[in-house]
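Keeping their order, the protein sequence lines are chains A and B.
For the first sequence, position 427 matches number 427 in our numbering, and the numbering has no gaps at all.
For the second sequence, position 250 matches number 250 in our numbering, and the numbering has no gaps at all.
In short, the hints are calculated from the structure, not lab data.
Warning: the hint list may mix true and false statements.
Using C-beta positions, here's what the derived DEER-type ranges look like [what the hints assert, rightly or not]: (1) I224/A with E175/B: 43 to 51 Å; (2) G42/B with G397/A: 33 to 41 Å; (3) D6/B with G223/A: 44 to 52 Å; (4) E88/B with G432/A: 32 to 40 Å.
Glycine residues also receive a C-beta, built at the ideal position from the N, C-alpha and C atoms.
Chain residues, written in single-letter form:
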Amino acid sequence: MARLHEFQGKALLAQHRIPVPRGRAAATPEEAHAIAEDIGAPVMVKMQAWVTGRAGMGGIKKAATPDEAAAAARGMLGRRVKNFTVDWVLVEEQIQIEREFYAGIIVDDVSQAPMMIFSSIGGSGIEEIAVEHPDKVARTTIDVVRGLQDYQARDLARRAGIKGKLLNKLAGTLVRLWHTARDTEARAAEINPLALTADGRLLAADCRVTVDDYAIFRHKELGIEIAREMDRPPTELERIAYAVEANDYRGTFFFLQLHEDRQEGEKVVGFHGAGGGGSMMTMDAVLQRGYKLANFVDTSGNPPASKVYRAAKIILSQPGLDGYFGSGSGVASQEQFHSARGLVKAFLEEPLTVPAVIRLGGNAEDEAVEILERVNGIIPAPVEGYRKDDSPDFCAGRLDALIEGYRAPAETPAGRVRPPVVKPYRFETVTGGSVTLDHARCSECETRVCIEACARKILSLNDEGLPVLNVTPEEAKKGRCIECLACDVECYFHGNRGGFVDLPIEGLDEYRDRLGH
Amino acid sequence: MSILIDQTKRVIVQGITGREGMIRAELMKNYGTNVVGGVTPGKGGQQVIGVPVYDTVQEAWEELGSIDVSVLFIPAPLVKSAAMEAIEAGVKLLVIVPDRVPIYDVLSIAALARDRGAHFVGPNTLGVLSPDKAVLGMMGGRAASAREWFFQGPVGITSRSGGITSSMAYYLAQEGIGATTLVHVGGDAVVGLPHPEVVKLYEQDPETKAVVMFGEIGTTQEERVAELIASGQFTKPLIAFVGGKAAKSGTRFSHAGAIVEGNRGTHAGKVGALREAGGHVVDSFSELPHRTKEILQDMGVL
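Next up, chain A with everything else stripped away, as it sits in the complex (with noise of 0.2 Å):
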C-alpha cells in the first residue's frame, strides 16, 4: 500500500474542506523558518516518518519564534528512521485542544465495504480504545454506490456517546472524511486526533492515509513514485524492476531486495520465485541451508518469456551472488517452457556464474527442463532443471552441493550478444523490444525452427522461404508477438542462429556500469 505522510493527507483533507491546522511542509531549516514567519505564531514542528510515538524520539516540537523551528527543523531533518531518511518536516500554528476524537476508514474484508469507525475518544490508537472504551467506538459500513449520508454519520457519533451541536458538526466532518478516502481510493484514511480546539473549531491535527496499490494508475496527482509497501525507499535497481512491471500488464512481476550488505562469509542466493504461496514456502528450503537470499522475485500469473527474462537480468545484476534458485509451488498451471526460455536467454547473455537450480513443475515440465540445461557447458556454471515430484528441499539440496562443488573461472567468457545483422528482417514488440531475424542466416537454415517454435504461429515462410510475420507489423507490436522468445532461444540451438530479440531493460546498462559489474 502506498502511504502518504501526515503533510501530503492533510492537503488532501484540505481540499476536501476538513480544516487542517495552517501550515506547510519544509525540507530545509531556512524554509520552515519562512513558514513559520508566515505564520507569524508559536508553531509546531512535526518530523514526516512513517513512525507511531514521533514525540517520543523527539520528531515533534513546539517553536516559540521562526529561528526555534528552524532549530527543530535542523534536528529532524536528514535524521534515519526506521530505515527512512527524513526529507520533511510539517510547521503549523499550535492549537488549544480542548478535546480529542477518532475518525478512521478502512476496507472491511468481511463486509466487503468501506468502513468507519468513530470513537468520542482519540489519542491513542483505535485498537486500545476499542478495548478499554467499547461503548466510545461506533462502526458503519458504508454503500460503497450511496456513500457515507449525513444521517448515518450523525448516529455513528451518536451512537459513540456524542449529543448536541457537536453531532452536526461532527458529522459533517466524518462525511467528508469519506469523500477524501473515496476520491483517493485509501485503503485506510484516518483521522487521530481528530481535535476540537478552545475556540470550537473542529481540526485533524494528524491523518495517515494509504492508498490502494492498484489505483495508483489512475492518481497520478498524488506522485507515488512506487506503490508497494515497504520498510524503507526503493532501491535503484527496484525502480528499474518497477517500470518492468508497470510497462507490462501480463502476469505479475514483483522484486524486492533483502539483503545488501554482504557480510564476510555469507552465502548469497539470488531467488526467483514464481507464484506468492509457493515462493514463500520454497524461500524457507533455501534458508535453511543457511543461505541469505538476496531479493525475492515473484513472477506469476503467467508471465510471457520476456518478463521472466527481465526479473532473471535484473537478479543477476545484484553484485556477490554464490548460486540462483528458482521455484514456484511445483504444480504450475503456466506452461513452464516460457519462463525456461526467458531463464536461458538471460544465462546465455550474461554469462551465468553461478550455479543455478530452478525447479520448473507444472505444465510441460519435461520440455522446460530440457530447454533449461541445454545451456550446460555454454555458459561457466552449471545449471540443473528439477519437476513436480522434486520436493524444494531436494532441490535447494542440489544448489548447495553445486555451490560447493563450483570453482569460477578466472575469466568469465563473453556472453552472448547480438551477432552482426546482414539482411534484417525487424519487428517491434509489446514492452518496446524488437525482434530481428537476418535473413542472410535464415536463407542458410535447415530447420526454419522458428515458424514451428513460434507460440503464437504468427512466422510463416514467404515466397523465398524466409520467415517473415503472417500478421501485420502493427498487430505484432500491439501484442499479437507475446515475446515468446522461441525465435530467438530455439533459433540459437536449433537454427542457424539468426534470431534475436531485443529486450531493453531502462536503466539497468547504466546501473551495472556504475557497479561496474
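Dock chain B against chain A, hints included.
Same frame as chain A, but now just chain B:
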C-alpha cells in the same frame, strides 16, 4: 457432487479473443466445461474455439439463452465494468481471474452482486475445478494436465494461493486422495467468496467428507472459518496449513484490516484460532497429504 461448477453449467468467457482468454477458453472446453460463447466488445460475430463471440453480455444472453457463469479475462482497469455488465445481464456466478483490480472496484462489484443475488470468485484467482467435470479459469493450464493431476474423491480444497491450490491437489492425489472441487479464492484483500463461504458450500455437499485449506497471513478468512467450526456451522474435519510465518516486509499484509480486529490477521492468531476450534493445522506443508490421509482413514473414508 461438487460445488460451484460441473459439466451442466452454461459458461461464457469475457475477453475470449485476448491472449489469455483464448487459451483458457480452450482449456475449459477441452476439460469438459460447457462453454457456450464469449464476449469481446467490437469483436462480435467472430468464432473462437468453435463458439460464437458477442459484443455484449446482454447480446450473448439474448442469443444463447440463460448463462450460469462468466469467466473474466479482462485487463484489471476494465474488470469493474465487465463484471457489472455480467451481473446486470443476469449471470449469477463470476470468476474474476485478473490480478491488480482496484479495491473500490471490487467493492462496487460486491455491492451489485449482493443486490442481484450473484457471487464471484476472485479477483486474482486461478479459478475453480471439479475433477473430471469442468474447470473455470485457468486451473491446470492444459486439459491433459488437469486430467492427469486431479481426480475425484472425498476432500474439498480451498486455497488463497493459486499455485498451492494445484500443488495441494496434486500431492494429495499422490497419496491416493481425490477431491470434490478445488477453489482458489483469490489472493486479494477482498475476495468475493472467501474461505468461510467456500467452507459453508462444502458443508452442504454430501460427497465432501473433509476440507483441506491453505491459509495465509492477513484478512480474517481463517479466523472466520474457526468461528464456523466453533459454532457448529461447519462440522467436517478441516486440515489446514497457514503460510507466511516467516514473511517479512514486502508481503501484502493488510494492516488496515488488522487495526480493528486486534490480533486478527497474524500467523499465530490464525493457527491458534483454528486449533482452538478443533481444526487440524499442520506446521509444514509437506505434512498435509499424510495428515489428511490419516484423518480420512480414521473416518473410514479411505
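These are the hints, each one checked on the structure:
no., hint, in the structure
1, I224/A with E175/B: 43 to 51 Å, "holds, 47 Å"
2, G42/B with G397/A: 33 to 41 Å, "violated, 53 Å"
3, D6/B with G223/A: 44 to 52 Å, "holds, 50 Å"
4, E88/B with G432/A: 32 to 40 Å, "holds, 38 Å"
Checked against the numbered hints listed earlier, the structure breaks hint 2 alone; every other hint is satisfied.
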